[in-house]
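Protein chains: 2
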Amino acid sequence: MEFKQGDRVRIEKNGTVYEGKVMPSMEGYITIKMNSGYNAGFSMDKVKITLLENNGKNTNGGRNGGKGPKTAGEEIQKSGKKLPKVAILSTGGTIASKIDYRTGAVTSQFTADDILAAIPELREIADFKGRVISSILSENMDSESWQNLARAIVEEIEAGADGIIVTHGTDTMMYTAAALSFMIETPVPIVIVGSQRSADRPSSDNAMNAICAALVAISDIAEVSVVMHGTTSDDFCEIHRGTKVRKMHTSRRDAFKSINSRPIGIVDYNTREIKTFIDYIKRGERPLKFKPGMEPKCALVKFTPGSGPEILDHYIDSGYRGLVLEGTGLGHVSTKWIPKIRKATDAKMPVIVTSQCINGRICDRVYDTGRDMLKAGAIEGEDTLPEIALVKLMWVLGQTDEFDEAVKMLREDLSGEITKCCFK
Amino acid sequence: MEFKQGDRVRIEKNGTVYEGKVMPSMEGYITIKMNSGYNAGFSMDKVKITLLENNGKNTNGGRNGGKGPKTAGEEIQKSGKKLPKVAILSTGGTIASKIDYRTGAVTSQFTADDILAAIPELREIADFKGRVISSILSENMDSESWQNLARAIVEEIEAGADGIIVTHGTDTMMYTAAALSFMIETPVPIVIVGSQRSADRPSSDNAMNAICAALVAISDIAEVSVVMHGTTSDDFCEIHRGTKVRKMHTSRRDAFKSINSRPIGIVDYNTREIKTFIDYIKRGERPLKFKPGMEPKCALVKFTPGSGPEILDHYIDSGYRGLVLEGTGLGHVSTKWIPKIRKATDAKMPVIVTSQCINGRICDRVYDTGRDMLKAGAIEGEDTLPEIALVKLMWVLGQTDEFDEAVKMLREDLSGEITKCCFK
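Top to bottom, those sequences are chains A and B.
In terms of numbering that gives the first Met the number 0, the first sequence has 367 at position 368, counting the first letter as 1, and numbering is strictly consecutive.
In terms of numbering that gives the first Met the number 0, the second sequence has 119 at position 120, counting the first letter as 1, and numbering is strictly consecutive.
Just chain A, same shape as in the assembly:
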């Protein structure tokens, strides 16, 4: 039987009844908007569907009217068992997005409640509380968005949450993960999760990612982590440390990779078990601390051959307070840039050197160029990712106005962003 958009239908799955209006759906799938306003998607071969209203016209099915099996909406957010309390803070992004059928583009509209409605399995893992922080695509986030989000997380932890899930667009997820890592010392897991494919695509990764995130949120991993598909199959999610993760593909579901570190661990999607690979901070090990200061006037400058050093003048003369250079190889820029590094550090602007190679460690002691960069006051970013070094710089300059103190902090591993090296 075919259902048209606007038809009112009743869907039965595993003894639970869902009622709603048919929305545009992929072939083989049916998506309905329920009375609650929540959406739910189903594989058509796994459910029983009854037509209630033919696009506005009553049929034999009639309205459920509260009789028979209870509807999903009544069950949402509550379960009979005593479960851990997890707060879901939604910021927008594909995990909470759908296609805008007016423009054909994907827009960000759903809230934490929608996610809970669409993924009923979540209710077996924890008692959830949803909270909308923002509803923007992640490329529009900035340091103020990070601070607002961090503040909400801290409030939820103070209110007794056993774990936090942040739903986030994948584009800038790594930057937010790093910002939260520096701003919050957390006694409970803070898990950032998103989706590379929107919920109305059958290949969507949102359900598995959300379930994995929930499992990490109730685990003993009291760190800021990013939890996303580990492979292109639905076999496991990886748990990435918030300061060691990078989006490494524009569209693949396994786009997120730990760089210069193993992931903290994985969540096996079949057994629902967590396996860890490296040391991590355990639940309750640290008391909650919140240091939200952030200096937005920091820039990441990527060096390319022949590029003019005047770009550093631009930032120095525009009142910027610190710079991250994304150099070549072990951490180099043209020798023409070196006097400008000196100019910046003379102006009490820290300059951190990172590498566009992404993988590997900075070492400015091998070649003459690097040694001259160090003499000009550049700070080796070690194996910190360029993007994470920028967030670190913003946070450090939000904590102190003292140049020497800032340089000292920038050289230290503050939140897992620098891995210890065998050579030093």
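By construction, these hints were calculated from the structure, which means they are not laboratory data.
It cannot be assumed that every hint is accurate.
Said to hold, decoys possible - Stretch-level coverage of chain A by chain B, calculated; a stretch enters the list once three of its residues show a Cβ under 8 angstroms from a Cβ in chain B: (1) 16-22; (2) 169-180; (3) 232-243; (4) 259-273; (5) 305-314; (6) 353-365.
All C-beta atoms, glycine included, are put in the ideal place defined by N, C-alpha and C.
Please arrange chain B on chain A, whose structure you already have, making use of the hints.
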């Protein structure tokens, strides 16, 4: 027997005699500077070493004086067989570098002749002609260096070279490879090779890389390629297309990877055989064409969350002629940047969008932000790497002053930098 720095020694290996002064060497290895000024390094357990002079004092060995087996220097650059002619153009870099024992840093000093002297096996592959183009670390190269190098390559091809090897620092090798790819349509292989470890380190990759490069230079792969270690072992080199390669590690010998494409092929170091994986342009398929125009006033701007759009004003107002944006995910920047994209394209500056994800393809038709960027005139870089897109932009603007013509060229695959996509 122990040898001290400054001792004069005779080393016999496979019937060839090398004489020279002992230089600082790693344990188990001996490096000598020969009369020719060339250096050679040996594993001590594989050679017979005789002390000739004890740090300036004669011993029983005496000078070879031209008697007995001929010294390596006399054999260099000539072989009895009729072999293909390969020109080695040296630009500097680690493959041609050694430690400056004054400062302890690695400097770039050796020429093509030194490479031939240090790697005698090369003489079995081809007749080599060495030519020094420059002796700079690759972070100091610019579009003028690329043009000088390209001009020398074209001269050597016109003079009858069957293949070209360019020795190059690894830091900016990918940029040079792209520049040569756009500037030269070549009937013979142009192979760029370097080394991640300097020649006086036992783990140096320079010999294997140089031998693999020589094998590709005499092959039928008439493209600009980068030939470097494929793994951390000495098993094979990969042959990367010059517009699809990226340095992906600061120090590993297998730092170079083909991105968004398979490598053209590999060179098996044991069998010396080449195996190819994808289509490539064959020797003689194209006549030689040289279009050296390059516009240096182009910039690569990496977007980060909250970063101010004024950076685009800086480039627009400073007389730049084109921009590459390194956006997030499928190719996004903050919506605050979109009016500045419009400002740039209104000023007839092409703006290409690429992704900091590195892997994957730009698609600005999925989300509202991307669609608005396209409306503002941005060009999707497809699966072109950000760094390669910059070089392409520089080259295209060196070919034409017409904005519409430039945009048309930028949308096309000019030299393998855009892989065709199934969806379009």
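Are there three or more residues in the region 232-243 of chain A whose C-beta lies within less than 8 angstroms of some C-beta in chain B?
violated (count 0)
Verify the coverage statement for the region 169-180 of chain A against chain B, using a C-beta to C-beta distance below 8 angstroms and requiring 3 or more qualifying residues.
holds (count 5)
8 angstroms C-beta criterion, at least three residues: is the region 16-22 of chain A covered by chain B:
With 0 residues closer than 8 angstroms to chain B, the region 16-22 of chain A misses the three-residue bar; violated.
Check, residue by residue, whether the region 259-273 of chain A contains three or more positions whose beta-carbon lies closer than 8 angstroms to a beta-carbon of chain B, and give the verdict.
violated (count 0)
Please count how many residues of the region 353-365 of chain A have a CB within 8 angstroms of a CB from chain B and say whether that reaches 3.
holds (count 11)
Given as covered by chain B, does the region 305-314 of chain A meet the bar of three residues or more with CB within less than 8 angstroms?
Our answer is that it holds, as 5 residues pass the Cβ test (under 8 angstroms) against chain B, meeting three.
Violated hints, in rising order: 1, 3, 4; the structure is consistent with all others.
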